[in-house]
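S.K.: Assemble the whole structure, with the sequences as input and the hints as a guide.
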Amino acid sequence: MTDRPRETERTGLREARRRWEEKTLAKVLARRPERRERFETVSGIELERVYTPTELAGHDYLRDEGFPGEYPFTRGVQPTMYRGRLWTMRQYAGFGSAAETNQRFRYLLEQGQTGLSVAFDLPTQVGYDSDHPMAEGEVGRVGVAIDTLADMETLFEGIPLSEVSTSMTINAPASVLLAMYIVLAERQGAPLERLSGTVQNDILKEYVARGTYIFPPGPSMRLVTDLFAYCAEHLPTWNTISISGYHIREAGATAVQEVAFTLANGLAYVEAAVAAGLDVDVFARRLSFFLGSHIDFLEEVAKFRAARRLWARLMRERVGAKDPRSWMFRFHTQTAGSSLTAQQPLNNIVRTTLEALAAVLGGTQSLHTNSFDEALALPSEESVMVALRTQQILAHESGVADSVDPLGGSYLIESLTDRIEAEAMDYIREIDRLGGAVAAIEKGFIQREIEDSAYRHQKMVEDGTRTVVGVNEFVTGEHKVPPLLEVDPEVEERQRRNLAAVKARRDAEAVRARLEALRRAAQEPGAPLMPAIIEAVREYATLGEICGVLREVFGEYRASAAQG
Amino acid sequence: MAGRESEAGTREGAGRRPVRVLVAKPGLDGHDRGAKVVARALRDAGMEVVYTGLRQTPETIAQAAVDEDVDVVGLSSLSGAHRVLFPRVVQELRKRGRGDVLVIGGGIIPAADVAALEEAGVRAVFGPGSSTSEIVDFIRKALAGRDRGEVVGEE
Chain A
890 MTDRPRETER
900 TGLREARRRW
910 EEKTLAKVLA
920 RRPERRERFE
930 TVSGIELERV
940 YTPTELAGHD
950 YLRDEGFPGE
960 YPFTRGVQPT
970 MYRGRLWTMR
980 QYAGFGSAAE
990 TNQRFRYLLE
1000 QGQTGLSVAF
1010 DLPTQVGYDS
1020 DHPMAEGEVG
1030 RVGVAIDTLA
1040 DMETLFEGIP
1050 LSEVSTSMTI
1060 NAPASVLLAM
1070 YIVLAERQGA
1080 PLERLSGTVQ
1090 NDILKEYVAR
1100 GTYIFPPGPS
1110 MRLVTDLFAY
1120 CAEHLPTWNT
1130 ISISGYHIRE
1140 AGATAVQEVA
1150 FTLANGLAYV
1160 EAAVAAGLDV
1170 DVFARRLSFF
1180 LGSHIDFLEE
1190 VAKFRAARRL
1200 WARLMRERVG
1210 AKDPRSWMFR
1220 FHTQTAGSSL
1230 TAQQPLNNIV
1240 RTTLEALAAV
1250 LGGTQSLHTN
1260 SFDEALALPS
1270 EESVMVALRT
1280 QQILAHESGV
1290 ADSVDPLGGS
1300 YLIESLTDRI
1310 EAEAMDYIRE
1320 IDRLGGAVAA
1330 IEKGFIQREI
1340 EDSAYRHQKM
1350 VEDGTRTVVG
1360 VNEFVTGEHK
1370 VPPLLEVDPE
1380 VEERQRRNLA
1390 AVKARRDAEA
1400 VRARLEALRR
1410 AAQEPGAPLM
1420 PAIIEAVREY
1430 ATLGEICGVL
1440 REVFGEYRAS
1450 AAQG
Chain B
483 MAGRESEAGT
493 REGAGRRPVR
503 VLVAKPGLDG
513 HDRGAKVVAR
523 ALRDAGMEVV
533 YTGLRQTPET
543 IAQAAVDEDV
553 DVVGLSSLSG
563 AHRVLFPRVV
573 QELRKRGRGD
583 VLVIGGGIIP
593 AADVAALEEA
603 GVRAVFGPGS
613 STSEIVDFIR
623 KALAGRDRGE
633 VVGEE
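If you're matching them up, the sequences are chains A and B in order. When you line the first sequence up against my numbering, it's residues 890 to 1453, in that order. When you line the second sequence up against my numbering, it's residues 483 to 637, in that order.
Because the hints were derived from the structure by calculation, they are not lab data. If you're wondering where the values come from, they're calculated on a predicted model, not measured in any experiment. Quick reminder that beta carbons are idealized off the backbone N, C-alpha and C, glycines included. Some clues are possibly wrong.
Chain A is nowhere near these chain B residues, computed Cβ spacing over 12 angstroms in every case [unchecked claim]: (1) V548; (2) L567; (3) K577; (4) E600; (5) G603; (6) R605.
No more than 25 angstroms apart at the CA atoms, straight line, and that leaves these computed lysine to aspartate or glutamate pairs for DMTMM-like [to be verified]: (7) A:K1369 to B:E616; (8) A:K1348 to B:D595; (9) A:K1348 to B:D549.
M.R.: The following block contains the structure:
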């Protein structure tokens, strides 16, 4: 293969293009100018009028795309992708009490959902029990309230943990919730080595975008890697982290920033785990990712492909991982909550469909589709059903799942993929110069970049540069509000009573002893924490008690208000 | 009237000092994209804005409003805790003798809750899709009204 024929081809192409521009294009432009001077993606990437092989001059098929299931995995992590197995349809759910959420889970499983995804309420996410003063008004609001193992028993009643895969959106106290899940699995007789699921366990994005941190970065990273180490030994098929760009994107980041900051955080976890003495080729295969799928369809398809390729290159070339499974960027996707509108809420079904389609064409491993009423309240049973049916229509009717990476080779998609990868890599280099992701977060760099993008976007919506149907154009006067889910206001009181009852019947002396054992482990640098947490949970120590001990030893993180 | 408002973001009767706003996140909700965007837009409109950061209690918010001597408190919540926490902020302000502060709110707030919040002393609620210029205009009008002797806080 010499370069000569290619060169001739390129020259011919350039000439042909010049002829097209002069003969065909110029005439039309003279008669009718284009709608805009400049066409940009929602992230601000300028789009060419038309993409041809010229835009892919530096692109090499084997190097940059390759075959699905092989490095650099641009076309997918599996050789057969959805021809072999469809993505996991995983709707995030949880509200009120464990019993109500249990009912919603069973309903979703009956409707053909293939994995569970638990939403916890905010007190649970920041390590407070339901009777803590800071929990007032928040219990059971955005997710289910879990105080002790007893709530976890109710949450999964009648659901065999050996048969479902469960994703838990829990970060700062991830070890505590995983410990409860493990004890529950033991009691059900489910073999731990086959437990399947994910804990989000991604503390770094909490500091920059999601806000449910508890401890400072140092001890938080210890908790994260401690969980990696425990699972490598006892839960080999559990995804130990879901490194999340979704919240970064929702906070206002562009597609490039989403990829860059997510992968920079990923590298920080890998480096921390290696520093803690773990073997990259043992833990890296259990790392998973979580991205958003936003409304700019083509950009999103390219984004997923770019993230997959860049992670493979970083893990192989920079980190030096040897096992191909360590190079694979496996990810969950959620459609963009921030793209939904409170105005004309049925339009959100269309937005979600486009976003879900982008995720599928981008090769996601699992998908949550938002419900159309989510800019108004927590989703109702009806709206959740439409969201799940959206995925089923894509999977079973649209045909897009029947060939691997169907947009691969599109001049535009490949060109955007290359560009997003290159620009994300520029950011990662900048973060390296600042000392890595943890340092960049401590310096406020990542937060500022996200805030600038959020503000720029808001300005563009307000000055009409960016159209949001039903909000700044095509507005209708009346607002028809669909029937919304109401969280029972009695939940908070009931949950407090349940907690008091559990505390009254447990062995207080055993709880005290287990909490003291945990304190000693936490005080000893590098000592394993998971075993002590599991033993505390087993005695029905509360989440707040366990996090309370860790708060005393580790201290609490306070974001500087100046970062506003 | 037009003359009074021509000085962007300033208020009459207090030596033309800029309007001071406390943007606050009550409760445990960590979504502060909206709060930060609004804070920045108010700053761009010439107001002085203090942002509390996350996880504030009604007490700490009211105390910060007193300490910072603000004209306006803007509350943001997307967690559903607004029903309990927004009215508590108003009560805490009144306890501290600052019932005159204009309290407004935003976030994911079902339309059905708005009347109760207004009843409790929250003067306006800006839901998803609100523009920052609407918020700026509302604050200017309300404060101009206050300077003419209208009650914007406590009835």
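S.K.: Could you run down the list of hints and mark each one as holding or not?
M.R.: Taking the hints in turn, this is what the structure says about them:
1. V548: holds (16 angstroms)
2. L567: violated (5 angstroms)
3. K577: holds (17 angstroms)
4. E600: holds (17 angstroms)
5. G603: holds (17 angstroms)
6. R605: holds (20 angstroms)
7. A:K1369 to B:E616: holds (22 angstroms)
8. A:K1348 to B:D595: Distance of about 28 angstroms is beyond 25 angstroms: violated.
9. A:K1348 to B:D549: violated (31 angstroms)
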